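With chain A held as given, fit chain B onto it using these hints.
The listed protein sequences correspond, in order, to chains A and B.
Using our numbering, the first residue of the first sequence is number 80, and each one after it goes up by one.
Using our numbering, the first residue of the second sequence is number 80, and each one after it goes up by one.
No copy labels: a pair is met if it fits in one copy or bridges any two.
Below 30 Å or equal to it, Euclidean Cα-Cα: the simulated BS3-like pairs (lysine-lysine) are:
hint	residue 1	residue 2
1	K207	K141
2	K141	K172
3	K263	K207
4	K172	K196
5	K281	K333
None of these hints come from the bench; they were simulated from the model.
As the structure is a computational prediction, the values presented were derived from the model and not from experiment.
Protein chains: 2
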Amino acid sequence: MKNNSHYFYLNGDIVPEAQAQLHVSDLGLLRGYGIFDFFRAVDGRPIFMEDHLDRFEHSARKLFLDIPVTRQQLREAILTLIEHNAEPLLGLKMILTGGYSPDGFAPTTPNLFIIAKPFQFASAQGLKLLLVEHLREMSDVKTLNYLQPIWQIPAMRQAGCQDVLYHHEGRLSELSRSNLFLVKNETIITPNTDILFGVTRKHTLALARQHFQVEERPVALDELWTADEVFTTGSTKRIIPITEVNGQAFTSSKVISHLQALFLSHEQQS
Amino acid sequence: MKNNSHYFYLNGDIVPEAQAQLHVSDLGLLRGYGIFDFFRAVDGRPIFMEDHLDRFEHSARKLFLDIPVTRQQLREAILTLIEHNAEPLLGLKMILTGGYSPDGFAPTTPNLFIIAKPFQFASAQGLKLLLVEHLREMSDVKTLNYLQPIWQIPAMRQAGCQDVLYHHEGRLSELSRSNLFLVKNETIITPNTDILFGVTRKHTLALARQHFQVEERPVALDELWTADEVFTTGSTKRIIPITEVNGQAFTSSKVISHLQALFLSHEQQS
Numbered sequence: 080m081k082n083n084s085h086y087f088y089l090n091g092d093i094v095p096e097a098q099a100q101l102h103v104s105d106l107g108l109l110r111g112y113g114i115f116d117f118f119r120a121v122d123g124r125p126i127f128m129e130d131h132l133d134r135f136e137h138s139a140r141k142l143f144l145d146i147p148v149t150r151q152q153l154r155e156a157i158l159t160l161i162e163h164n165a166e167p168l169l170g171l172k173m174i175l176t177g178g179y180s181p182d183g184f185a186p187t188t189p190n191l192f193i194i195a196k197p198f199q200f201a202s203a204q205g206l207k208l209l210l211v212e213h214l215r216e217m218s219d220v221k222t223l224n225y226l227q228p229i230w231q232i233p234a235m236r237q238a239g240c241q242d243v244l245y246h247h248e249g250r251l252s253e254l255s256r257s258n259l260f261l262v263k264n265e266t267i268i269t270p271n272t273d274i275l276f277g278v279t280r281k282h283t284l285a286l287a288r289q290h291f292q293v294e295e296r297p298v299a300l301d302e303l304w305t306a307d308e309v310f311t312t313g314s315t316k317r318i319i320p321i322t323e324v325n326g327q328a329f330t331s332s333k334v335i336s337h338l339q340a341l342f343l344s345h346e347q348q349s
Numbered sequence: 080m081k082n083n084s085h086y087f088y089l090n091g092d093i094v095p096e097a098q099a100q101l102h103v104s105d106l107g108l109l110r111g112y113g114i115f116d117f118f119r120a121v122d123g124r125p126i127f128m129e130d131h132l133d134r135f136e137h138s139a140r141k142l143f144l145d146i147p148v149t150r151q152q153l154r155e156a157i158l159t160l161i162e163h164n165a166e167p168l169l170g171l172k173m174i175l176t177g178g179y180s181p182d183g184f185a186p187t188t189p190n191l192f193i194i195a196k197p198f199q200f201a202s203a204q205g206l207k208l209l210l211v212e213h214l215r216e217m218s219d220v221k222t223l224n225y226l227q228p229i230w231q232i233p234a235m236r237q238a239g240c241q242d243v244l245y246h247h248e249g250r251l252s253e254l255s256r257s258n259l260f261l262v263k264n265e266t267i268i269t270p271n272t273d274i275l276f277g278v279t280r281k282h283t284l285a286l287a288r289q290h291f292q293v294e295e296r297p298v299a300l301d302e303l304w305t306a307d308e309v310f311t312t313g314s315t316k317r318i319i320p321i322t323e324v325n326g327q328a329f330t331s332s333k334v335i336s337h338l339q340a341l342f343l344s345h346e347q348q349s
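If we strip away everything but chain A, and leave its shape as in the complex, we get:
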C-alpha cells in the first residue's frame, strides 16, 4: 500500500482504488437499482461480518438480483481486501447493482464491487437531529436510494443537525443510516415498523434484554418528547446518544452508558 491509496474489489478482481470504474450504463447509476451493505474491520478483524452477509443476501433476494459469487467467495474477497488495506479502522461497503442494461431499464448480470476505505466513528458527543416526514421505500432492504437525506443536507446544516429522524403518519421509524431507541423509566423502546433491521440494533437488543425491559413495537412520535434518553445504533456509531431533536434537548445518559459498556465488551468478544 503506497501513497495512502487503497484496493477495491470489482467483479472478481482486486484493483487499485483509481481503477475501480463502472461503465455509465450500469443500472445502479442510471436507475438507482441496486443494494449494498456496510460493515467495518477493526485492527484487521471484520465485525459482525456474517450478519452483514445475511442482510446483503436478503436485500439482493428482495430486488431479484443474483449475487454473482458464492458466500464463501465473497467472504474470501473481503478478507483479501482487509489484508490489502492495512487500516486500524477499515470500512467495507459491498454494492450489487442491476448490471449493464442494454435498454437502460431491465436488470441483467449484476455488477458487484466492494469499496474499502478508512472510516471514523461518529462523535461520541452525540447527534442533533432534524425531524423529517418520510417513509422509506422498501424499508427492510438496504437500497441505494438516499435522495431524501442528501436533499436535507442544507436544512440540516442550517439547523446545526447531523442527521434526520424520519416519521410518518404519527410514527417514528429511524435515522437516515441508523436505528432509533428511546428509554422511558428504564424500559428500552425501539420501532419495528418501516425500518431497516440494523445489525448493531440486533446485538444491542440482545444485550439490552439481559438487563432491561425491552419493547420492540410501533412507536408514536409523541413518545419521543417525553423520553428520558434517546440513542441510535449503527455500524459507524455503535451506540451514541441523541442530544437534541428539533431543538429539544435530551441530557440523561445513564442507560446509554450502561449499554455502551455492554456493547464494547460484546464486540471485543465476538
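Relative to the frame of chain A, chain B by itself:
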C-alpha cells in the same frame, strides 16, 4: 463511427462509448443522488430540446446540483453528439450526479454525462398496464430513482403488461416513464398532482386545447374505469393508446387518433 459503436459525452469530452466510465465513488451510483433528462433526435434534428434543457435545469436546481457547463455549452455538446452518432432515431440521455463524494454522502462537484444511443418508439399498438399503489418521491423532479417500476418487472411480465400505472390515496398519477390522459365524452382529462411534467404532455395539452375541452386536475382512480379512451404521452412514445389496465380493455381511439395526427404535424413543424 465504426462497428456500430457510439460516442458519449463525459465531463467535457466526447468519448467512445466503451470509455464512458465513472469511478465507483460517484454519488449517483452509491446513493442514487442525481437527475437526468431524455429526448430524441429524429434524422439529426433534436426534438423539443429547449423544453428538455429547461426541465433538466429545474431538476438540478431542486436537488441543489450545479450544472458544470453553461446552457450554450450543453447545447453544443448535444449537437456535437448528434453529429458523431449518425442514427435516424437517436436517444439522448443527459445525467447529472452528486459527483465523486469523499465521504460517500455529501454532494461535491457534479459529474455530467450524455448517453447517445439509437432508440425505438414504443409499439403503436398500445400498452397494457398494471396498477401499482405508489407515490413517487419528489415527483416533479426527474431523479434517478426507478426502484419501484424495475422491481415490478417480474409482476408486469406475469400479467402481460408493459408498464405500471401509479395511484395513491385514490388518485391516479402517471406511468413509470410517461404521463396519463383519460378521454370522457370528448373531454381530455389529465392529472396535475404527483407527476413529472412531461414535455410531450405539455405539447399535447396545447394542441388538445385547440380542439377539445381539457381538464388538468386531480383525477380519481375510479374515473379510469368509465373512461372512453386512455392514452399516454412520452418522448419515446409520442401519443399511444392504453389498451388495458389490470385486465379491463379500452378500445375506442377516435380522440387519440385525432391527437396523434395533430402531434405528428406539430412535431415536424417544431
